[in-house]
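If you read the sequences in order, they're chains A and B. The opening position of the first sequence corresponds to residue 128 in my numbering, with each subsequent residue numbered one higher. The opening position of the second sequence corresponds to residue 128 in my numbering, with each subsequent residue numbered one higher.
A portion of the hints provided could be inaccurate.
Identical copies go unnamed one by one, so any copy, or any two together, can satisfy a pair.
[What the hints assert, rightly or not] Subject to a maximum C-alpha distance of 30 Å in a straight line, what follows is the list of computed DSBU-like cross-link-like pairs (lysine-lysine):
no., residue 1, residue 2
1, Lys-343, Lys-366
2, Lys-205, Lys-353
3, Lys-205, Lys-172
4, Lys-257, Lys-326
5, Lys-257, Lys-343
6, Lys-172, Lys-257
7, Lys-353, Lys-129
8, Lys-320, Lys-236
9, Lys-343, Lys-129
10, Lys-326, Lys-343
11, Lys-129, Lys-419
12, Lys-236, Lys-148
Source of the hints: derived by calculation from the structure; they are not laboratory data.
Number of protein chains: 2
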Amino acid sequence: MKAGWIGLGNMGLPMARNLLKAGHEVLAHNRTRSRAESLQAEGGKVAATPAEAATAPILATMVADDQALEEIIFGSGKVLETLPRGAIHVSMSTISVALSRRLAAAHAKAGQVYVSAPVFGRPEAAMAAKLFVVACGPPEAVRACQPLFDAVGQRTFVMSEDAPVANVIKLTGNFLIASTIESFGEAFALVRKYGVEPKQFLDLLTSSLFSAPVHKTYGTLIAEDKYQPVGFKVPLGLKDVRLVLAAAESASVPLPLANLIHDRFVTLMANGMQDSDWATIARLAAENAGLKPMG
Amino acid sequence: MKAGWIGLGNMGLPMARNLLKAGHEVLAHNRTRSRAESLQAEGGKVAATPAEAATAPILATMVADDQALEEIIFGSGKVLETLPRGAIHVSMSTISVALSRRLAAAHAKAGQVYVSAPVFGRPEAAMAAKLFVVACGPPEAVRACQPLFDAVGQRTFVMSEDAPVANVIKLTGNFLIASTIESFGEAFALVRKYGVEPKQFLDLLTSSLFSAPVHKTYGTLIAEDKYQPVGFKVPLGLKDVRLVLAAAESASVPLPLANLIHDRFVTLMANGMQDSDWATIARLAAENAGLKPMG
């Protein structure tokens with residue numbers, strides 16, 4: 128497969144690298160050109176502009192937020208003008224349901240095809256090609272993207288022919304992760320105040336009812352009260368919960384727990400924690416209980 | 128081992144039965160005598176009163192709440208007066224941290240030994256001897272109870288020499304289960320409003336980051352929007368979140384998510400749902416979003 132790739136951040140770079148490893152041609156663009164050049168040793172080609180990357184029959188985008196993607200597709204990036212008729216834009220970023228809906232309409236109007244395929248997994252999972260891909264869009268186009276999904280992920284879930292549904296699912300999944308962090312944060316603060324050793328409590332949880340990857344990954348950070356390395360920063364966590372609340376409001380779904388979590392992220396922002404991992408919301412429960420950092 | 132057993136409800140009856148199956152002598156008392164008699168075919172002996180059950184060197188109690196246990200130990204049950212010096216009371220009920228603290232002191236004063244050993248698992252797990260036991264108390268006494276724990280559970284976690292810590296851990300675990308129910312309730316309400324098939328969404332969750340028993344057990348109830356059979360009733364869920372909040376307040380730990388869940392249970396009580404399973408709090412998120420029951 129020949130694929131254009133836009134966005135080589137913490138997630139995009141290892142994903143594009145895995146695409147190359149799987150034997151595909153990759154024409155990569157990144158705002159900071161040196162990150163695209165870093166793929167040349169593995170056979171990647173550098174696209175000077177987003178429009179140049181959009182000359183491929185499949186263009187994948189993996190960028191930070193709505194604003195970045197809007198600029199690339201509708202703004203100075205000129206992808207909408209450049210992408211050939213019949214070519215596929217597969218959007219893998221975590222963006223709003225509203226933007227995904229707008230992209231589906233705009234690409235359709237331009238005779239192009241839009242697939243939404245956000246992923247679950249932190250940068251370590253991206254490096255190991257162990258992401259989970261949620262793919263929605265026209266079935267034929269989703270099938271055409273499958274080699275790309277196979278190169279970056281361990282499993283693809285095809286959930287709907289309506290592309291924006293993938294974004295609803297991705298945002299809902301991130302809400303469930305944040306909920307786990309919040310609940311573990313409160314639970315560990317409580318047992319610590321009663322003298323329980325946090326790692327022993329984590330062993331109890333993960334050996335019994337709470338044995339999922341989400342419990343082990345975030346439980347370890349919380350039990351050690353150590354939120355390094357930073358895999359997913361606070362402002363991205365805030366963005367995602369804001370987007371899930373927007374998607375929920377537009378479908379008339381009250382989400383009291385998501386609102387509580389939104390306030391947690393706002394609290395971190397107010398306290399200068401914007402460079403911390405989003406799991407740091409768990410530290411708020413400990414701090415509110417008068418516990419000093421263990422680190 | 129010769130054990131007295133008080134309390135033969137949904138949980139206590141299968142636990143006492145498993146104790147008999149493992150070859151122990153069981154002297155069982157229940158307020159409704161017929162439930163104790165139902166153990167006779169398997170070799171169980173009936174104790175007419177709590178005090179009679181307390182003639183054994185180890186007495187296990189598995190009752191509904193603080194009030195029931197107080198009545199048995201301190202009130203008309205007269206166990207505190209009857210239990211021999213050096214004998215062990217192992218309390219397996221989900222009770223308050225405050226009552227557990229009071230029991231530890233009272234038994235010590237009477238020259239008796241108190242072990243706190245609440246369990247995780249629904250009645251199905253009790254029947255299958257697959258409970259998880261959290262045991263705290265004097266180490267020698269905990270060791271003496273181990274054959275009993277082995278007969279009813281799949282694993283015992285010995286967490287502290289301070290007996291009431293076991294109750295903190297049990298209540299915190301139930302809070303984490305209720306948090307999972309609440310977060311899944313909100314998540315499923317949202318994706319349903321976007322046309323996602325709930326079982327397909329559950330498959331995605333349990334095949335990726337959310338693969339723990341707590342996700343599968345409660346996710347299945349929520350995806351099917353069917354809360355039968357009733358394993359754990361709403362008033363018991365309300366009691367446990369009230370007790371976790373009390374334990375948290377007495378140790379100065381704010382728990383915003385536990386407060387949210389407390390309100391969910393209060394809402395169910397206000398709407399005549401006291402005979403429903405506690406997982407029904409998930410239906411509130413769906414109802415608030417205008418979704419009709421699927422069942």
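Okay, the hints, checked on the actual structure:
Taking CA atoms no more than 30 Å apart as the test, Lys-343 paired with Lys-366 passes in both settings, with 24 Å inside one copy and 29 Å between copies. Taking the shortest Cα distances, Lys-205 and Lys-353 never come within 30 Å of each other, neither inside one copy (43 Å) nor across copies (50 Å). Proximity of Lys-205 to Lys-172 under the C-alpha cut-off of 30 Å is restricted to the intra-copy arrangement: shortest distance 20 Å within a copy versus 83 Å between copies. Proximity of Lys-257 and Lys-326 under a CA criterion of 30 Å is satisfied in both settings, with 27 Å inside one chain copy and 23 Å between copies.
Proximity of Lys-257 to Lys-343 under the C-alpha cut-off of 30 Å is found in both arrangements, the shortest distances being 16 Å within a copy and 22 Å between copies. Proximity of Lys-172 and Lys-257 under a CA criterion of 30 Å is satisfied intra-copy only: 24 Å inside one chain copy versus 57 Å between copies. In this assembly of identical chains, the alpha carbons of Lys-353 and Lys-129 never lie at most 30 Å apart, being 41 Å within a copy and 47 Å across copies at closest. When the C-alpha separation of Lys-320 and Lys-236 is checked against a cutoff of 30 Å, the pair qualifies only between copies, where the shortest distance is 26 Å, while the shortest distance within a copy is 59 Å.
Taking the closest pair of Cα atoms, Lys-343 and Lys-129 never come within 30 Å of each other, the shortest separation being 37 Å inside a single copy and 40 Å across copies. Taking the shortest alpha-carbon separations for Lys-326 and Lys-343, both the intra-copy value of 11 Å and the inter-copy value of 24 Å come in at or below 30 Å. In this homomeric assembly, Lys-129 and Lys-419 never come within 30 Å of each other (Cα to Cα): the closest approach is 53 Å inside a single copy and 47 Å across copies. For the homomeric pair Lys-236 and Lys-148, neither the shortest alpha-carbon distance inside one copy (34 Å) nor that between copies (71 Å) is at most 30 Å.
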